[in-house]
Amino acid sequence: MRIAALDIGGTSIKSGIWDGKWAGELKEWDTNASRGGGYLMERAKEILHTYGNFDAIGISTAGQVDSKKGKIYYANDNIPFYTGMEIRAVLEKEFGVPVAVENDVNAAAIGELHFGAARGRENFLCLTYGTGVGGAIVLRGDIYTGDTFSGASFGGIVVHPEAIQKNVEFSGCYEKYASTTALVRRVMAVDASLDNGRKIFEAFERPEIRAEIDGWIDEIVYGLITLIHIFNPSDILLGGGILSQKYIIREVRRRVDENISDGFRGTVIRQAGLGNQAGLLGAAWLASNLLPHRAEPDEARLCEASDIRDVRKGIEK
505 MRIAALDIGG
515 TSIKSGIWDG
525 KWAGELKEWD
535 TNASRGGGYL
545 MERAKEILHT
555 YGNFDAIGIS
565 TAGQVDSKKG
575 KIYYANDNIP
585 FYTGMEIRAV
595 LEKEFGVPVA
605 VENDVNAAAI
615 GELHFGAARG
625 RENFLCLTYG
635 TGVGGAIVLR
645 GDIYTGDTFS
655 GASFGGIVVH
665 PEAIQKNVEF
675 SGCYEKYAST
685 TALVRRVMAV
695 DASLDNGRKI
705 FEAFERPEIR
715 AEIDGWIDEI
725 VYGLITLIHI
735 FNPSDILLGG
745 GILSQKYIIR
755 EVRRRVDENI
765 SDGFRGTVIR
775 QAGLGNQAGL
785 LGAAWLASNL
795 LPHRAEPDEA
805 RLCEASDIRD
815 VRKGIEK
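Heads up: the sequence shown is residues 505 to 821, going by the numbering used here.
Any given hint could be a false lead.
Claimed, not checked - Below, a list of computed lysine-lysine pairs in the PhoX-like style, where the Cα atoms sit at most 20 Å apart: (1) Lys670 / Lys703; (2) Lys531 / Lys549; (3) Lys573 / Lys597; (4) Lys597 / Lys549; (5) Lys575 / Lys549; (6) Lys703 / Lys750; (7) Lys573 / Lys549; (8) Lys572 / Lys531.
Don't read these hints as lab results, they were simulated from the structure. Remember, predicted model here, so these are calculated numbers, not experimental data.
Start from the sequences and build out the full structure, keeping to the hints where you can.
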């Protein structure tokens, strides 16, 4: 069984072949998303053709995804003309194999559920902090999509109602304050040279920079307290490159514990375990479900932990 998996983001496409583990190295390609959804589908076909024969395709992609029909329900202008794109139909016509399509954060949560930090957990939330704040809800081992495939849009939680502006999307909302973009904006107001997460944490010992980081962590905590009180999950997984900083996870746990209602203290806050492979792993898992003789997860894991670490290093170089 060979499954081709793609993780389509706004800036890059990650790809690999799974045959019980990753067959060869994972690859990363430019997306050129500004050229539109039609170009992106041609790019996906071009990448998939480099892998020869395979039995199914798993797609993790940016945008709201109608996973039942395998199409993009809605995508913003980061990928023009992507809304309505019939990904499953396009790729099944080209390759003649079954295709699974899922939103990237949902796919990442599925990867973590079966092969990562959420193994053995059936009710958890997953949040990723980057340009915005992405989310996924896993209930009884399945993704909750919402009525229009946009459930878990946690970035839209109103945390600062005083900052809401008419006709300004997400004004006053969580992603405007808790995303990595928000952290960079805060810190650049103090020192314009610190324009990414790496530079910010290199300057961590500067009191004025530490103060901005701490203020940003408080914003993360506000949203998590709300989510814990609503969902009462067993676990919350936090992902995104910036979350590799141990200080963030440690402080989030401490501050949530200080402010949560006593009846909700059982939720475990974990760092996501699969890094930037999570979406690929989830897409491969979903595609494997389309085949008649899929191996059970205890018989065939996507890859061993050592393989995950080695491949992750290769992608992040």
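Here is what the structure says about each hint:
1. Of the supplied pair hints, the one linking Lys670 and Lys703 is violated, its CA atoms being roughly 34 Å apart against a limit of 20 Å.
2. At most 20 Å may separate the alpha-carbon atoms for a hinted pair to count; Lys531 and Lys549 meet this at roughly 15 Å.
3. Proximity of Lys573 to Lys597 is assessed by CA-CA distance (about 14 Å); at most 20 Å being required, the pair is judged to hold.
4. Distance check on the hinted pair: Lys597 and Lys549 sit about 11 Å apart at the alpha-carbon level, within 20 Å; holds.
5. For the given pair, Lys575 sits about 16 Å from Lys549 by alpha-carbon distance, which is consistent with the 20 Å threshold.
6. Proposed proximity of Lys703 and Lys750 is supported: the alpha carbons are some 16 Å apart, at most 20 Å.
7. Note on Lys573 and Lys549: the hinted pairing holds, with a Cα-Cα distance of about 19 Å set against a maximum of 20 Å.
8. Distance restraint check for Lys572 and Lys531: the Cα-Cα separation of roughly 28 Å exceeds the 20 Å cut-off, and the hinted pair is therefore not satisfied.
Going down the numbered hints, you'll see the structure goes against 1 and 8, while the others check out.
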